[in-house]
Structures are given as C-alpha cells and as structure tokens.
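Participant: In case you want the letters, here they are:
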Amino acid sequence: MSAITYREALNQALCEEITLDDRVVLMGEEVAQFKGSYKVSEGMLEQFGAERVIDTPISEAAFSGLAVGAAMMGMRPVVEFMFWSFCYVAFDQIFNNAASVRYMSGGLINVPVVFRGPANGGTNVGATHSHTPENFAANTPGLKVVCPATPADAKGLLKSAIRDNDPVCIMENTILYNMEGEVPDNEDFLVPLGKANVLREGSDLSIIAHGKAVHTSLQVAQTLEEQYKVSAEVLDLRSIRPLDIEAILSSVKKTNRVLLVEENKPFCGVGAQVSFIIQDQAFDYLDAPIKRVSAIDAPQAYSKALESIQIPEHDRILAKAKELI
Amino acid sequence: MEGLHHDINLDREEATSEGKEGSSDAENAQSSKAVAGNRPKFGGVGENDYSKEAANRELSTEEKIEFLDQMVRIRRFEERSLRAYQQGHIGGFLHLYIGQEAVAVGAVSCMTEEDHVITAYRDHGHAIAVGMEMDECMAELYGKKTGCSKGKGGSMHFFAPDKNFWGGHGIVGGQTPLGLGIAYAVKYKGAKGACLCFMGDGATNQGPFYESLNLAALWGLPVIYVIENNGYSMGTAEARHSAGEPLARRGDPFDVNWSVSHGHDLYEVRHNISEALRLAHEESKPSVLEIVTYRYRGHSVADPDQTYRSKEEIEEYKSNKDPINLFKDRLLAEGVIDEGAALEMDRKAKDEAEASAEFAQASPYPDPEELMQDVYWETDDPGGRTSEGTIFFESP
Chain A
1 MSAITYREAL
11 NQALCEEITL
21 DDRVVLMGEE
31 VAQFKGSYKV
41 SEGMLEQFGA
51 ERVIDTPISE
61 AAFSGLAVGA
71 AMMGMRPVVE
81 FMFWSFCYVA
91 FDQIFNNAAS
101 VRYMSGGLIN
111 VPVVFRGPAN
121 GGTNVGATHS
131 HTPENFAANT
141 PGLKVVCPAT
151 PADAKGLLKS
161 AIRDNDPVCI
171 MENTILYNME
181 GEVPDNEDFL
191 VPLGKANVLR
201 EGSDLSIIAH
211 GKAVHTSLQV
221 AQTLEEQYKV
231 SAEVLDLRSI
241 RPLDIEAILS
251 SVKKTNRVLL
261 VEENKPFCGV
271 GAQVSFIIQD
281 QAFDYLDAPI
291 KRVSAIDAPQ
301 AYSKALESIQ
311 IPEHDRILAK
321 AKELI
Chain B
1 MEGLHHDINL
11 DREEATSEGK
21 EGSSDAENAQ
31 SSKAVAGNRP
41 KFGGVGENDY
51 SKEAANRELS
61 TEEKIEFLDQ
71 MVRIRRFEER
81 SLRAYQQGHI
91 GGFLHLYIGQ
101 EAVAVGAVSC
111 MTEEDHVITA
121 YRDHGHAIAV
131 GMEMDECMAE
141 LYGKKTGCSK
151 GKGGSMHFFA
161 PDKNFWGGHG
171 IVGGQTPLGL
181 GIAYAVKYKG
191 AKGACLCFMG
201 DGATNQGPFY
211 ESLNLAALWG
221 LPVIYVIENN
231 GYSMGTAEAR
241 HSAGEPLARR
251 GDPFDVNWSV
261 SHGHDLYEVR
271 HNISEALRLA
281 HEESKPSVLE
291 IVTYRYRGHS
301 VADPDQTYRS
311 KEEIEEYKSN
321 KDPINLFKDR
331 LLAEGVIDEG
341 AALEMDRKAK
351 DEAEASAEFA
361 QASPYPDPEE
371 LMQDVYWETD
381 DPGGRTSEGT
391 IFFESP
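In order, the protein sequences belong to chains A and B. If you read the first sequence in the numbering used here, its first letter stands for residue 1, the second for the next number, and so on. If you read the second sequence in the numbering used here, its first letter stands for residue 1, the second for the next number, and so on.
Among these hints, one or two may not hold up.
Simulated pairs of lysine to aspartate or glutamate, EDC-like, Cα-Cα distance not exceeding 16 Å [stated by the list, open to error]:
hint, chain 1, residue 1, chain 2, residue 2
1, B, K145, B, E370
2, B, K189, A, D297
3, B, K318, B, E79
4, B, K52, B, E334
5, A, K195, B, E79
6, B, K318, B, D329
7, A, K265, A, D297
8, B, K64, B, E339
9, B, K145, A, D21
10, B, K52, A, D55
11, B, K64, B, E334
12, A, K35, A, D55
For the record, the hints were derived by calculation from the structure and aren't laboratory data.
So that you can see chain A by itself, here it is in the shape it has in the complex:
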C-alpha cells in the first residue's frame, strides 16, 4: 500500500497492464509527448515507446473506431478521451460498433476495448465539456460502465476493464485526479466490475452515489451525524453496468430510507434506474419516498456562481436528506 493520487493510480494500472500484455496500447489526444492533458500518462512514452503510447490527431471518430477494429482483431486498446464529452463525435463507433458487433455477429467477435477519460462538470468549462454520459452508456446493452471514486478503485477498476473481454467505459473525474488514497502496489490488485462498496456504515438512511458525488455524500453523512444524530450509510456504486443490486437492496432493507445522489442530469439518469429497482424489489422496506439529488437540469453553466449550485453540493444534499428523517 502506498498513498498515491487518483491520477497516479490510473497511471500505475496502465503501466502494469501494458507491461503484462503486449496487446495493450494507450492512444488518444496528447497522451504521449504532452504526457496526457491531465498527466495521467506521464512517463509512459519514455517507458514504453511510441508503439504502445500513441498520440492521435483530434479525430475521435477515427481513433475510437480504429481501436474497435483493432480490438475485433484481438488487441486490447485503451482509448483516452480528453473529455468524455468528446465521445459525442465518435458516438457511432462506441454505441453502434463497440456495443453491437458481438451481438450482430452472433458472438463470433469480441471487442475488448476500453474507453476512458474524465466525465464531469464542475470545472468551469461550459456545457460542451461537462457531459456525464454514464447513463447513455449504461442504456446500451453490450457496453459496461464504471465510475471510480477513489484512487484504489481507479487502479483496480481500470485493470479489470483492460482484462475484460467486453467493451468497458471508464468515467473518471478531473476534480478527483489529485485526490490521494491508499492503493495496493501489487500488479494483481483488481476491483471487480459490478461490486458496490459501503464507504460508511449507517442505520437511518442510505445515500447511494457514484463518482465524485460519493465524496460530497460522505461529507453530508458526517454533518448528519454531528449535527442531527442521524446515522447515514454511504454506498458507492462504483460500477453502473453491471450494477450491484444486491448491495443496494441490502442497504435499503437496513435503513428503510433512500437518498440518491449523482452529478448526472436527472431525466433517465442513473438514479432513475436505481429508484425503479428499489421500489420494485424493496417496496415494503421503504418508510419514505425515495429522494434524489442530481445536477440541476440545464446545460452545464460556465459561471462558477451558477455551476457551483448546479452540481449537487453539501447543502442541497443535506436539505434533501433532512426531508427524509
């Protein structure tokens, strides 16, 4: 175990998997010479050379599709999007080709590709650079989607994704890149996709979140305990598809009250699906309606004054939690 940043954890995962498997390459805009727009791939060009760490032109459709074609041929490419927002110009390659080739070929072809990069608002870059498409990806059978919230998960989930035989979308968060945490050093460390994590035990209320919203939720749980003597459990979904329904239901059955928190937009967001599952499978355990805090339902605003209230922040989550207790 070492205390390293989320960024370093991603770097470690990439370096380990590139070393272990010669089918793995990293490609994307500025990943090599520039060392990564967010320095995730720092040092990798020097260590692995230009054959394995590949700068691409600004052509998301071409290099995403190239990676899918290479994956069909048995390679395991990792595509870095500078922002997941930019996947929108490569939509066909990800949502048609990566997701459907296996199905349309009757299972003859696998597509072990990883698409990764930050998918978050909150950095003052306006609507076009602040998308959170985890719900789009999860709505597409054939794709898997994970949203690591901690450095250890960043490493463990990325390594699992690279070894996975199906296409995996990893949605990171630029605001978390500098976050430090304990991360196992060994190259065998994996976090399985589809396994949620209880980050704080509680008995009065379940706060279910993913990505950076997990950390805001943990702060709110702390406030609830300190100021209101309320014991809130915080469940980090970690993976959106597959989804750890068992962990969700087990927390709900324990606390009987649910608050869903996400930085995704509300309509058909991740919370909408989780909420459906809870009312469908644990209706009798609910002592109150399920509540949700999501990003405010407008295109992401540029101004800090606006954006800071747009993304679920401590006080808005706290206010919603108080409605439940």
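Fit chain B to the supplied structure of chain A, relying on the hints for placement.
Facilitator: For chain B alone, coordinates are given in the frame of chain A:
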C-alpha cells in the same frame, strides 16, 4: 451516357494520383496505373485488355472458372433472396449487389491469408466471395437460428472472422474507421497483410472517412478504401451528392494513392486491387480505389427505383456492361469454358440458391432466450466471468 454521371470520371485527364503521367495516352492502356484516358469503350471490355497484367496472366483455368462461378452464385443467391423478400420471408432491408459482382469477387480473389475485408450493408457479394455458404447467409436473411449471425444481424450484418471477413456494417461510412483499425492491428502484429475496406459513393461524404484517410496516411497503415461507386447514394445521383470529382481524388489531400477504374471487368478489378495490395504489403501504404460500377436494383429492394433513374439506363447497363456476361464471354473467347459448361454452372448456382431457401425455410427461429446471448462475452462464458452484479435489466 445520360444519367450515368459517375461514369464520366474515367474521361477526365487526371484520374490517378500520378496525375497526367498515367493519362491521355491511349498507349498507356497496359500500364500498371489505372486508367485515365484509356477508358474502355462503352459496351464491352473494350480496348484495354487487363488479362495480360501481372495479376491475371498466370491465372489457371480453374481459377478463372471459380471467379465466374462465384459471380454467378452471388447473382443467383440474391435473385432468390429477392423472391423470398417479395414472398414476405425476409423483413427489413435487402440491399442487393446485383450488377456489382465483379468488384467483390475480383478484389477478394487477390487476398492472401494475411489480408482482411470489411464492408458496408450491401454485403452479400463480399460474404459469398470470401467463402461463406449460401445456407447460412439465406438463413440469416430469414432471421433463423441457423443464420451466420444466428438471426441477430440480418442482411446488413454478415460476419465470418474465420474467413477474415469483419462485416457487414449498417451505418454509411461507419466501417471506415474499423477498416483502419484492422489495418492497424495487422501492422502492429507485424503481418504482411492489408484491409480492404469497401464503401459506397455515398460514404465518401461522411466525416469519419476523412479522419480515417488522414490517420491511414499519417501512420502508414495498409488499408485500401475501395469506393464501389454505383452512381447513387441511395436515390441521390453522384452529380447531386458530390463536389470535387472523381471521388477517389479525395485521397489526394492526404497524399494517399488513388485511382479510378471500371468495375464490370473482373480482370481490371484484379489488376487494380493487386497493385494496391502490393503497395500495402511492401510499403505499408494506404490507397483509395474508386471502382465505377452499377446496381440493377434499388438502394434497398423496397425503394422506388424510377424516381431518380430511368429504366433505359438500367437496361443499357445490363445489356452492355453486365460483369457476369462480359466475363463469361471472355472465358468463352479464351476457350476456358464452353456454352454447355456455362449453362451447367448457372443451373447449379440456381439449385444451390433454391436449396438455401429451402434450408432457411425449414430452419427454426431463434428461441426467446437467445435474445440475451452474444451480448457480452462474460454472460456467454459464465465460468470465466470476473465481474459481479446484474448486467441485464429486462429479460424474456
């Protein structure tokens, strides 16, 4: 020829990336570069005889007969599928390749074991050319369990990775980056191969094609973009959908070698594809080959065919440029086959197509639970599953 705007390309002077070098001199007809200024006369194989080019001069009798046979089989397969469609056995779209057969057969016949092929939705010809069986193809059209994709892909999505055939892709131009990726993987693995990425004239107006051309040239990837220019992007004639003709010239800004040639002469197709494959194998360079061809049927068979072209235009092509008739006449003239053998070949192809329809008809539909198979490797191989949790949220 009125309406066959795309055919005019071959009259232009600069119809190769070599510019005027390869042009205007009719004596260059035998040169290794296609084709400007040496356009065959309309109405036949014409004055340019590609049979003596390197790609063709050592062909055996068996190989020549095999090429004709493949074209005939594709034609008869598709004609039979059209009947099945009209009888209501086949749903959705049916994009027929009839009229274009020499392109797929000629091109695929040049491939080595290290070469790969990917195409768009008009994929039956390429599928049969790589060796897929009529039975599995027809059953796929019928949506049956015995289809090549178990009834989950349909007409536009045939695949045979064991034959280096990577589909069968439904979105116009969507396969152009995939073809690039296949070529990339070939090069990464150090194989002496290439990817033939087929596309239509309409696909040349999709953005990812240009992104792919840039990357192909920049990284020196062995991908060959074969533009099968049948003159119409669905119902929109080339003159109304594309500026800056010929279409192959779109390789030029990226310094990608390009040429324009005919698709009705199988020897000519083989000649040009072989040249491009040589460039890919020996120099790892991409190419853009525009091959001018024609489809007799609508974009899909359900489309009205008379809104954008005349019956006369279709008939004229059928009468004068039919790739199967021309190659058959060629082989008759060469003494490779006689009329009796040609008739026998045709009869066998018809029988095979008929049998494939019977096979498809008799085959079972997929069971409801097969909806959930082939979505993820993991769910099909539960013993190897590493993830946990729920992956499907609604099942039969």
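Participant: Identify every previously stated hint that the structure contradicts and give their numbers, smallest first.
Facilitator: Failing hints, ascending: 2, 5, 9, 10.
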